[in-house]
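Could you put together the complete structure from these sequences and hints?
This is what each chain is made of:
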Amino acid sequence: MSSSVPVIELKGVEKSFGAVDVLKGVDFAVEAGKVTALVGDNGAGKSTLIKGLAGIQPYDKGSVKFEGKEISIDSPRLVSSLGIEVVYQDLALCDNLDIVQNMFLGREEIFRGTLNESAMEKKASETLSGLSVRTVKSVRQKVERLSGGQRQTVAIARAVLRDTKVVILDEPTAALGVAQTEQVLALVKRLADQGVAVIMISHNLVDVFKVADKIYVLYLGKMVAALDAKSTNQNDIVGYITGTKSTEVAK
Amino acid sequence: MSSNLENNVIGTGHEGGIREQINGYLLKVKSGDMGSLPAMLGLIVLAVLFSVMSPVFLTALNFANLFNQAATLIVLAMGLVFVLVLAEIDLSAGVTSGVAAALLVIALHHDVNWIVAILIAIVTGVVIGYFIGVIVAKVGIPSFVVTLACFLAFQGLQLLIIGNGGLYRIENSQVLAIQNSNLTILQGWIFYLVSILLYTYSGFAARRRRSRNNQTNRPITFLYVKIVLAAVFGAVIVSALNLERSSNKAFPIHGIPIVIPIVIILFVLGTFVMDRTKFGRHVYAVGGNPEAARRAGIRVTGVKIAVFTICSTTAAISGIISASRVGSVDASMGRTIVLNGVAAAVVGGVSLFGGKGRLSQAVIGGFVIAIIDNGLGLMGFNSGINLLITGAVLLLAASADAISRKRGSAVIR
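In order, the protein sequence lines correspond to chains A and B. Following the working numbering, the numbering of the first sequence begins with 823 at its first residue and continues without gaps. Following the working numbering, the numbering of the second sequence begins with 79 at its first residue and continues without gaps.
No lab work stands behind these hints: they were computed from the structure. Because the structure is a prediction, the values reported are computed rather than measured. Be aware that one or more of the hints could be misleading.
Said to hold, decoys possible - Cβ pair distances, simulated, as ranges:
no., chain 1, residue 1, chain 2, residue 2, range
1, A, Asp912, B, Glu93, 29 to 35 Å
2, A, Gly935, B, Gly241, 43 to 49 Å
3, A, Ser903, B, Phe141, 58 to 64 Å
Claimed, not checked - With a Cα cut of at most 30 Å, we get these calculated DSSO-like pairs of lysine-lysine:
no., chain 1, residue 1, chain 2, residue 2
4, A, Lys1032, A, Lys856
5, A, Lys1011, A, Lys887
6, B, Lys108, A, Lys944
7, A, Lys873, A, Lys833
8, A, Lys944, A, Lys959
9, B, Lys356, A, Lys987
10, B, Lys304, B, Lys108
11, B, Lys108, A, Lys959
12, A, Lys883, A, Lys1044
13, A, Lys1032, A, Lys887
14, A, Lys944, B, Lys106
15, A, Lys1036, A, Lys883
16, A, Lys944, B, Lys356
17, A, Lys891, A, Lys1044
18, A, Lys873, A, Lys1032
19, A, Lys1044, A, Lys1067
20, A, Lys887, A, Lys856
21, B, Lys356, A, Lys959
22, A, Lys846, A, Lys1052
23, A, Lys856, A, Lys873
24, A, Lys883, A, Lys1067
25, A, Lys987, A, Lys891
26, A, Lys1067, A, Lys1052
27, A, Lys856, A, Lys833
28, A, Lys959, B, Lys304
29, A, Lys1067, A, Lys846
30, A, Lys873, A, Lys891
31, A, Lys944, B, Lys304
32, A, Lys959, B, Lys106
33, B, Lys484, A, Lys959
34, B, Lys216, A, Lys873
What the hints assert, rightly or not - Part of the chain B face toward chain A, derived, beta carbon under 7 Å:
no., residue
35, Ile88
36, Gly89
37, Gly91
38, Arg287
39, Gly366
40, Asn367
Glycine is no exception: its CB is placed at the ideal position from the N, C-alpha and C atoms.
See the structure below:
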């Protein structure tokens, strides 16, 4: 696969709830090995765009291409079979289970009818060390004993356990302190370095500029900007988000 | 996925020598994750206390009696662990056991084969549990309300089956044998030997699996110590139960009561389901965070229905055991035992907040409740005092749970 073909490409995507048009013809593309940030004010349509990709709320109109092929995303199951994983803001971890158990929840490995703990533990360790995670002491720690950053780490590691091509992160740093934010952002970068296409939704522009290769800005259901992170700055992005700047600079 | 695998930067809890392991365990206990440790200590204290204070407590007869007394409660509590882990409750488990026992005794009185009669009782549990599960999981009524309704309704059902003020004796010797007959001394030792061998085998098999995957194992000393402890502990119990406990030489009574292997088999089966199967993992997941479980693709409704079915089925078995002990079934059987069952589980360390609990904790908690009942009874206290103390112990255990919970959350960095 040539690197110029986006893993996911949306063209003219529309979605409305009753009389309210939330997405009014949105174009969006993410590439493998890149961190694509999706920013926008509350109500701009970020969640709706992501829920469409996650298969929870299919789009009304528009084309969705996955690895260059036209597809129709209509169920979370299909999405996960394509290798697209969503890490929601509320993480959805079971506090009473340990890291391995959480990472394999719902897709436990079975050997002769019983749980193959040893194999799962091994794969979990490998995935975490593959992401150079060093903040976690033991993979058999209960998740309730983990810090916010560590929990985020587990949720992300869970998302890339299998052959994952796209990881969608919803506000991964929203509830974290400074040091933990750094850890998670480093993890996001490593994810992209491993060839995963990362979509990161965030309100925090500082964080966005630290990791993003490309920044998309949604404003009232329209994609008002698609910029290389290197060729823009925070002031411009704020302008697009708030609507004071509205030149189409789609590249 | 990637090639830069750095070898084992992240531990698994199996690393380190004996000292590190023990320190790790102490840290866990200190941070509030005590499991059944308080109940275990309580059990030892109570046993010592009653041994000193009552001359009868340590006799062979009473020792065996204790197991017989505890069996009904322990089986019921083991079933309740499943629903408690889901953060649900089954208030009707006691009357379910009563209804099952009632149908058992009626079937026996109609000359139904005893195996069929027992199956009828067990299927009754399955049906009741499935019904409760569907109402709770599909209709979405809190289990407290559903099972409270069942608690009332099934008392009526039991009354209708048995008849007002009625009482049916159990004449069938096989059913009576569950609580009133014993293994021979030889059978007892064979059972002991097989159990210890299986325990040893499973311990080594687990280590082998890990080493085959190049994973670190805990120091093998721990396994040896565990096996030796189990062997010694088991041998003491089997020897004590093999002592002659009849005061009449013409009617010798000795050996392991048949109910003990039954309870042990149920316990091993239940623990296996909870710890080693996908289903068990999903039960804990749903108990810990239903939304996370749902998103992980677990069929939460199905898990709930299955859990209530398991609980009621176990309750039915407990009803059979209880009927065998009492030797008869009346219209009020099983009415109060459910609260003792919940108490047993909570005293043992099962959390009422869901997500945490093991069958072994129900067993230990069941023994604590049974030993209080037994010991205070021997010392001639009336049942008023007995209930007061049982209540106090439950409150103590629940406080320990709540406090350890607080301490546990304070440890989070």
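Hint by hint, here is what the structure shows:
1. A:Asp912 with B:Glu93: 29 to 35 Å: Once the Cβ atoms are compared, 33 Å apart, the range 29 to 35 Å for Glu93 of chain B and Asp912 of chain A holds.
2. A:Gly935 with B:Gly241: 43 to 49 Å: 46 Å, holds
3. A:Ser903 with B:Phe141: 58 to 64 Å: Because 59 Å falls inside the window, the suggested range holds.
4. A:Lys1032 with A:Lys856: 13 Å, holds
5. A:Lys1011 with A:Lys887: Between Lys1011 of chain A and Lys887 of chain A the Cα gap is close to 25 Å, so the pair holds against 30 Å.
6. B:Lys108 with A:Lys944: 28 Å, holds
7. A:Lys873 with A:Lys833: Holds: Lys873 of chain A and Lys833 of chain A sit about 16 Å apart, inside 30 Å.
8. A:Lys944 with A:Lys959: 15 Å, holds
9. B:Lys356 with A:Lys987: 27 Å, holds
10. B:Lys304 with B:Lys108: 22 Å, holds
11. B:Lys108 with A:Lys959: 18 Å, holds
12. A:Lys883 with A:Lys1044: Holds - the C-alpha atoms of Lys1044 of chain A and Lys883 of chain A are around 14 Å apart, at most 30 Å.
13. A:Lys1032 with A:Lys887: Within the cut-off at roughly 28 Å; holds.
14. A:Lys944 with B:Lys106: Holds - the C-alpha atoms of Lys106 of chain B and Lys944 of chain A are around 23 Å apart, at most 30 Å.
15. A:Lys1036 with A:Lys883: Answer holds: Lys1036 of chain A to Lys883 of chain A is near 25 Å, not above 30 Å.
16. A:Lys944 with B:Lys356: 18 Å, holds
17. A:Lys891 with A:Lys1044: OK: Lys891 of chain A and Lys1044 of chain A at ~24 Å, within 30 Å.
18. A:Lys873 with A:Lys1032: Answer holds: Lys873 of chain A to Lys1032 of chain A is near 25 Å, not above 30 Å.
19. A:Lys1044 with A:Lys1067: Cα-Cα ~13 Å, so holds.
20. A:Lys887 with A:Lys856: Within the cut-off at roughly 17 Å; holds.
21. B:Lys356 with A:Lys959: With a Cα-Cα distance of about 26 Å, the restraint between Lys356 of chain B and Lys959 of chain A holds, given a limit of 30 Å.
22. A:Lys846 with A:Lys1052: 28 Å, holds
23. A:Lys856 with A:Lys873: 21 Å, holds
24. A:Lys883 with A:Lys1067: With a Cα-Cα distance of about 27 Å, the restraint between Lys883 of chain A and Lys1067 of chain A holds, given a limit of 30 Å.
25. A:Lys987 with A:Lys891: Answer holds: Lys987 of chain A to Lys891 of chain A is near 15 Å, not above 30 Å.
26. A:Lys1067 with A:Lys1052: Distance ~18 Å between Lys1067 of chain A and Lys1052 of chain A Cα, so the pair holds.
27. A:Lys856 with A:Lys833: 19 Å, holds
28. A:Lys959 with B:Lys304: The given pair, whose Cα atoms are some 26 Å apart, holds under the 30 Å limit.
29. A:Lys1067 with A:Lys846: Distance of about 18 Å is within 30 Å: holds.
30. A:Lys873 with A:Lys891: 20 Å, holds
31. A:Lys944 with B:Lys304: OK: Lys944 of chain A and Lys304 of chain B at ~26 Å, within 30 Å.
32. A:Lys959 with B:Lys106: 14 Å, holds
33. B:Lys484 with A:Lys959: 22 Å, holds
34. B:Lys216 with A:Lys873: Holds. Lys216 of chain B to Lys873 of chain A sits at ~26 Å (cutoff 30 Å).
35. Ile88: 5 Å, holds
36. Gly89: The hint holds - Gly89 of chain B has a Cβ within 7 Å of chain A, the shortest such distance being about 4 Å.
37. Gly91: Gly91 of chain B check passes; min Cβ-Cβ to chain A is 4 Å, inside 7 Å.
38. Arg287: Where the cut-off is 7 Å and the nearest Cβ of chain A is about 5 Å from Arg287 of chain B, the hint holds.
39. Gly366: Because about 4 Å separates Gly366 of chain B from the closest Cβ in chain A, which is inside the 7 Å limit, the hint holds.
40. Asn367: 5 Å, holds
Hint violations for this structure: none, all hints satisfied.
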